[in-house]
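Q: Residue numbers (UniProt numbering), protein chains in the order written: chain A, 1 to 394; chain B, 1 to 394; chain C, 1 to 394; chain D, 1 to 394.
Treat the hints as calculated values from the structure; they're not laboratory data. Among the hints, a few may not be true.
Which copy is meant is left open, so a pair is good if it fits within one copy or across any two.
What the hints assert, rightly or not - Calculated lysine to aspartate or glutamate pairs in the DMTMM-like style (CA-CA distance at most 25 Å, straight line): (1) Lys271 with Glu43; (2) Lys371 with Asp109; (3) Lys59 with Glu84; (4) Lys243 with Glu299; (5) Lys4 with Asp163; (6) Lys236 with Glu112; (7) Lys223 with Asp234; (8) Lys236 with Asp338; (9) Lys59 with Asp377; (10) Lys108 with Glu9; (11) Lys59 with Asp180; (12) Lys8 with Glu46; (13) Lys108 with Glu299; (14) Lys236 with Glu114; (15) Lys391 with Glu9; (16) Lys223 with Asp109; (17) Lys131 with Glu219; (18) Lys391 with Asp377; (19) Lys393 with Asp212; (20) Lys297 with Glu60; (21) Lys4 with Asp212; (22) Lys393 with Glu119; (23) Lys4 with Asp266; (24) Lys108 with Glu46; (25) Lys316 with Asp163; (26) Lys159 with Glu43; (27) Lys4 with Asp338; (28) Lys393 with Asp234.
All figures in this text were calculated on a predicted structure; none of them were measured in a lab.
Read off the chains here:
4 protein chains.
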Amino acid sequence: MSFKASVKEPVITLSAGPVAAYPSILQALSRPVQYDYDPWFQEFYEAVARKCARAMRVKEPALILHCEPAPGIEATAASLIGPEDTVLNLASGVYGKGFGYWSARYHKDMVEIEVPYNEAISPKAVAAAFKKNPGIKIVSLVHHDTPSGTINPAREIGKIVRDNNALLIVDAVSSFGGMDIHPDDCFADVFITGPGKCLGGAPGLTVMAVSDRAWKHIEKNPKAPFASALSLKDWKDAWSRKKPFPFTPSVAEVNGLDAALDQYLDEGPEKVWHRHALTARATRAGIRAMGLELWAKSEAIASPTCTAVRVPKGLKDTDIIAAARAEYGVVLSTGRNDTLGKLIRIGHMGPVAEPIYAVVAVTAFGGALRKLGRRVDIGAGVEAATRVIAKGKA
Amino acid sequence: MSFKASVKEPVITLSAGPVAAYPSILQALSRPVQYDYDPWFQEFYEAVARKCARAMRVKEPALILHCEPAPGIEATAASLIGPEDTVLNLASGVYGKGFGYWSARYHKDMVEIEVPYNEAISPKAVAAAFKKNPGIKIVSLVHHDTPSGTINPAREIGKIVRDNNALLIVDAVSSFGGMDIHPDDCFADVFITGPGKCLGGAPGLTVMAVSDRAWKHIEKNPKAPFASALSLKDWKDAWSRKKPFPFTPSVAEVNGLDAALDQYLDEGPEKVWHRHALTARATRAGIRAMGLELWAKSEAIASPTCTAVRVPKGLKDTDIIAAARAEYGVVLSTGRNDTLGKLIRIGHMGPVAEPIYAVVAVTAFGGALRKLGRRVDIGAGVEAATRVIAKGKA
Amino acid sequence: MSFKASVKEPVITLSAGPVAAYPSILQALSRPVQYDYDPWFQEFYEAVARKCARAMRVKEPALILHCEPAPGIEATAASLIGPEDTVLNLASGVYGKGFGYWSARYHKDMVEIEVPYNEAISPKAVAAAFKKNPGIKIVSLVHHDTPSGTINPAREIGKIVRDNNALLIVDAVSSFGGMDIHPDDCFADVFITGPGKCLGGAPGLTVMAVSDRAWKHIEKNPKAPFASALSLKDWKDAWSRKKPFPFTPSVAEVNGLDAALDQYLDEGPEKVWHRHALTARATRAGIRAMGLELWAKSEAIASPTCTAVRVPKGLKDTDIIAAARAEYGVVLSTGRNDTLGKLIRIGHMGPVAEPIYAVVAVTAFGGALRKLGRRVDIGAGVEAATRVIAKGKA
Amino acid sequence: MSFKASVKEPVITLSAGPVAAYPSILQALSRPVQYDYDPWFQEFYEAVARKCARAMRVKEPALILHCEPAPGIEATAASLIGPEDTVLNLASGVYGKGFGYWSARYHKDMVEIEVPYNEAISPKAVAAAFKKNPGIKIVSLVHHDTPSGTINPAREIGKIVRDNNALLIVDAVSSFGGMDIHPDDCFADVFITGPGKCLGGAPGLTVMAVSDRAWKHIEKNPKAPFASALSLKDWKDAWSRKKPFPFTPSVAEVNGLDAALDQYLDEGPEKVWHRHALTARATRAGIRAMGLELWAKSEAIASPTCTAVRVPKGLKDTDIIAAARAEYGVVLSTGRNDTLGKLIRIGHMGPVAEPIYAVVAVTAFGGALRKLGRRVDIGAGVEAATRVIAKGKA
């Protein structure tokens, strides 16, 4: 690499994503770039789409969009939400809120349930919304609102949505692969994830499971984009080795996705989820033992894939992050938009969803505070984390 | 890789793109995936945007979109073309024609110059169009219409466009990096390319040079997308290490782009263009010596980065391609849409823009025809190719 | 890479080895370097040793030495040949002859059968040698004497050696993996190969199958090295996950070897041999059609993994090689020692053991001669090669 | 990778080597394998040999042997020590002691200074040895006896050796690149290191600086090996692009070495040493704060690249290592031979020579003891470590 930076590369990245990739995925990214119309690649692509489906525990090969999930979610809004649709938008954080803006470009009207960004959506409120607005056709839920590090009860909400015969979009970008959530678990009609978070891959793709009900709705949507970056339809059949691609797929990213799925399936999803959860639990214990406050209102809704910590009064988030980076080479994340400045996020995704990184996180966080002049008992933090780990490993 | 295909991976890929990537780029794709908000990555990203600019010989850091060029061009249409704009669309091939459909979503009206898809746009016709339609505000030109393998006179056309005070979009996706073309050469206001063709990288990014005049027009366009996959504005300042990314950049692709630019600049652009041109010339000589017909009406407009060969009467393009693949493991490309079935394309892009691959192409093409029962003098083809090479190397 | 060379990297390498590695092996070389005493690595190492055995079609896990085969063969001489041993050295080329010098450091005496370096050892001569020297204890045979590109009849010779109750060393470095030869086929007691030739891997390891008979002889050899680079004994049990390594294994090379074996076994040995043989046959046809002379006295003994071509009178080998490199970026090999200056070698090993590379070789060779002022009918050469390929693929 | 292990791959490797490699080196290992006789590779190899010299701060291009350092040291003994030579062997650990056994194969006689394996050689003792044995011709010193984690005063000893006109062999395998030691600093005539320890590369090569005086001695040694794995002479001039290789170099390892040197030189040696030393210091503080005992008799001789900790009474080393591996996925090393069972080693080499890994080490070590039933104050350990780091970073 000819580039020489003025700062050192990080030592350990505990970001909320993009996350450090597994070695097997980095190797896969360096596979030859094959021609998309060659029969080998067409067969490979189909196999990857099918492997996505196996990981998501659905039958139909996945829909892969060749962009990272943010535009993938935008495309979902554009494709699914028609001019006659009433949308119920569930906003427990920045990403949930943000979906409403995209929705507004396409829907007839929108009902929104918004809760403070350290709380979760209540299934009861969803049920009540349906009662009040029987015309709701589409519901959008962010399972893990990453900028808050909180989890919504997708299963319960999904059940209600299905019972009310509406379509459910679930953004599971930063939860799938790190915890037990799949499209059918939560009655999702469009389930959106990607390789760059808990699967420990590179960002650059959107992986989706789209139900037949959703496809039918898209077909009927007169405004659903085609020949467009915002189109789901264009790619509907592209998984098939016999069908052309609407435009060039990101070959290297598909190579990486293939390896990300192997990594996940070969280790065993249950084992992967367990180490995500254990790392998060240990981190939370350590953070609290240092006298810091978790952002999530209750541990029950704290994400197993990302721990949000309230910024101590009198300190700036960016100073803490800079101090952890300078002292330990450890990368942490700030909040986003409304949570920016209020919290710091510690990612537990992919290869760093391992208990030892809870210790790393606690130390780097505590060390940063100390560097900024605060008295922090890092030892107590690490002790607490290790005790959780010892129990979790027993 | 756990995937086992029913067909062998190709031996040599001479496609029209995605192309085989240089080894240095494959290695770069396996660099660690860094967190986009980390200062190291922000500095790196800026350096890559500046390096793009150096390669394109412009001053401003490049605009990088995190999708392959097709949606990148769509985004250009969406961002640049406003509801008051008259567009002159220049169509000498499938991609040129296609731009008109995107334009139609945004423009007030459109003038189109269309020529047979084995010919080039005449600058005179462009001048005449301006005379007849002085209101033309935006002109779109595909420099190398890949599905035809033909080159348009971008410099001459660009001069006319600029003299008429209109804005010029140049799709140089499959010409930049393989021949002498840069934004300022052709007065392009939006110059679009990507790493996956002549730069020999992976597909998955769009690299653009956008003039101040174009940015001003975008700013004034009331319909220019924002917070969208179709937005150029979102990414305008993202190159700066001090500015946030609107959504997650494709980190691995940026790593690859960095190496693609090093590969190009370190070898020396003039040397790179020379081997593209020589390989194409040798290929054309070999193809003709076997009694086959080039698609391009004249060699003068045949692309130095891709040779299109007319499908011999009585044969099917896909049969020829399958035969070359089966007999030699060599990958060739069909046409697209209107040129589909009529021609076969031999790519000379990136690492296979080396004279020996002209011999490979001629042999694989000739061998395929022979396998399909035609009498072909492969020896004559190779002889002709080698004589061109010997002269070109002298 | 910070290194900037004064010459370009080659375009295509058709050397006699080290050869271009398969992409899957390059990827494997970039796997994490694991600690040799970690249980994961110990288990992995054992699996690789067993996979070597599967490829060599023997039962016992292979002996892996952490050096390329030349010192591996020296270690074999040092370990196996004791001060009371009479050795029969079979020399049909530079490597065969060379073994005698190593042998001389350890043996009591040596009988040598030497034939011109473009001929093969006759089994009859071996039988006669035993008759004349019933005390022969150890026989050394180079299966493919790479500097000559010729193959010895290992099966027939091996049978005679076994019948005479002697021990047989077979150097199959550049034949195993590219043709049908395995330890038991030829009654080898020490069968030596490596990943850097027909397996298309990196050089840097020696892979051996050692029979119980050979181990017993080594055990009895009072001079057999231990705690030494020349020791086979040190590594005898190192394949076992339960046994320590005498010194640090070359972890990255073991990673590469693992992938090389997968590449070979997954494709299927018979298919691999077939494409080696077909490429060699096509190359020979092409070379002869250009009026050039093969080095091997008869095609029957010409190696399917390397074609040696006599240097045309009046020309220098190095000039031909430099011309092929300059004109086409194609790498060929000279001879070694006694064959140096007399022949040029075209390797057909690993990823370039594909018929299209016969065309590449013929063209580059012919083009080089033409550049040096000779009249050569490259077309005829390529025609001849393609006809062989067409038949072989039919 | 088709291999599925019964144990998980490690999470973090803190071994005494082979160590985890830097990402840049893993990428370099996947560079194309070039033919060793191609002019590009010959030029590259020379550049790497020169870059080694730059790193070692000597003038002559380095001698590279294509084996890991243990056989490289054996080759040094074989090449340098002649049948008339009296050797002074300095043994402060297992490796120092071991050299004596190799020496015994070649020397006339040997004087040995042996100290307990947790102490360092005293320069005074060396001076006294020379006084008593003026015929000493060759002295062998292990700078960092890795199985003890202790450093010998190489500068002082080297001065005495040079003053006494003897030749000095310095094994700096696990110190060079991690602390301030170079051939000329310590008057080494043969200075031996490799890429697989502090340079954070793969094992598989030996890198040496050999003085003119040493070469002269080798030239005069009638028993110096040639055409052998034990020969230094064979490779003396192989660095030159104009000279042939005696046997095939390990191309992939040379690619890796090139990147290892870039990594070291680009970061800046002083910075690299500093982080090694700081990590070691923090580790020692943490270990002691948990009430554990360092192996080294004094911190002054404790290596900055590896911390040896005495195994607590009543516990088994392998149990501790297994517990750290099971609980945290952290890899530690046992001792070797005479130190086996007595100590545990924590490596600080290459990419893990970063302060945060001191915390990882302390936690994993403490956690392991706790798992084995001991009461350990991990918090106190981490506190102590972080305080050292905070000071060191200030």
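Q: Confirm or reject each hint.
A: Comparing the hints with the structure gives:
1. In this assembly of identical chains, Lys271 and Glu43 lie within 25 Å of each other by CA distance solely across copies; the values are 21 Å between and 30 Å within a copy.
2. Taking CA atoms no more than 25 Å apart as the test, Lys371 paired with Asp109 passes in neither setting, with 50 Å inside one copy and 59 Å between copies.
3. Neither within a single protomer nor between protomers do Lys59 and Glu84 lie at most 25 Å apart by alpha-carbon distance, with minima of 30 Å and 48 Å respectively.
4. Taking the closest pair of Cα atoms, Lys243 and Glu299 never come within 25 Å of each other, the shortest separation being 47 Å inside a single copy and 34 Å across copies.
5. Within a single copy, Lys4 and Asp163 get their C-alpha atoms no closer than 57 Å, and across copies no closer than 42 Å, so neither meets the 25 Å cut-off.
6. Taking CA atoms no more than 25 Å apart as the test, Lys236 paired with Glu112 passes in neither setting, with 30 Å inside one copy and 32 Å between copies.
7. Both within a single protomer and between protomers do Lys223 and Asp234 lie at most 25 Å apart by alpha-carbon distance, with minima of 14 Å and 24 Å respectively.
8. Within a single copy, Lys236 and Asp338 get their C-alpha atoms only as close as 35 Å, which misses the 25 Å cut-off; across copies the closest is 23 Å, which meets it.
9. Neither within a single protomer nor between protomers do Lys59 and Asp377 lie at most 25 Å apart by alpha-carbon distance, with minima of 50 Å and 51 Å respectively.
10. For the homomeric pair Lys108 and Glu9, neither the shortest alpha-carbon distance inside one copy (48 Å) nor that between copies (50 Å) is at most 25 Å.
11. For the identical chains of this complex, Lys59 and Asp180 are intra-copy neighbours only, at 18 Å inside a copy versus 44 Å across copies, given an alpha-carbon limit of 25 Å.
12. Taking the shortest alpha-carbon separations for Lys8 and Glu46, only the inter-copy value of 16 Å comes in at or below 25 Å, while the best intra-copy value is 40 Å.
13. Neither within a single protomer nor between protomers do Lys108 and Glu299 lie at most 25 Å apart by alpha-carbon distance, with minima of 37 Å and 56 Å respectively.
14. In this assembly of identical chains, Lys236 and Glu114 lie within 25 Å of each other by CA distance neither inside one copy nor across copies; the values are 33 Å within and 32 Å between.
15. Taking identical chains as interchangeable, the C-alpha atoms of Lys391 and Glu9 lie at most 25 Å apart only when they sit on different chains, with a minimum of 22 Å there against 34 Å within one chain.
16. In this assembly of identical chains, the alpha carbons of Lys223 and Asp109 lie at most 25 Å apart whether taken from the same copy (16 Å) or from different copies (21 Å).
17. Neither within a single protomer nor between protomers do Lys131 and Glu219 lie at most 25 Å apart by alpha-carbon distance, with minima of 28 Å and 44 Å respectively.
18. Taking CA atoms no more than 25 Å apart as the test, Lys391 paired with Asp377 passes in both settings, with 22 Å inside one copy and 17 Å between copies.
19. Within a single copy, Lys393 and Asp212 get their C-alpha atoms no closer than 42 Å, and across copies no closer than 45 Å, so neither meets the 25 Å cut-off.
20. Proximity of Lys297 to Glu60 under the C-alpha cut-off of 25 Å is found in neither arrangement, the shortest distances being 38 Å within a copy and 46 Å between copies.
21. For a Cα distance limit of 25 Å, the shortest separation of Lys4 from Asp212 qualifies neither inside one copy, at 50 Å, nor across copies, at 30 Å.
22. Proximity of Lys393 and Glu119 under a CA criterion of 25 Å is satisfied in neither setting, with 30 Å inside one chain copy and 39 Å between copies.
23. When the C-alpha separation of Lys4 and Asp266 is checked against a cutoff of 25 Å, the pair qualifies only between copies, where the shortest distance is 8 Å, while the shortest distance within a copy is 37 Å.
24. In this assembly of identical chains, the alpha carbons of Lys108 and Glu46 never lie at most 25 Å apart, being 36 Å within a copy and 41 Å across copies at closest.
25. With identical chains, the CA atoms of Lys316 and Asp163 are never at most 25 Å apart, being 46 Å at best within one copy and 53 Å at best between copies.
26. Taking identical chains as interchangeable, the C-alpha atoms of Lys159 and Glu43 are never at most 25 Å apart, the minima being 36 Å within one chain and 46 Å between chains.
27. Taking the shortest Cα distances, Lys4 and Asp338 never come within 25 Å of each other, neither inside one copy (35 Å) nor across copies (45 Å).
28. Proximity of Lys393 and Asp234 under a CA criterion of 25 Å is satisfied in neither setting, with 47 Å inside one chain copy and 39 Å between copies.
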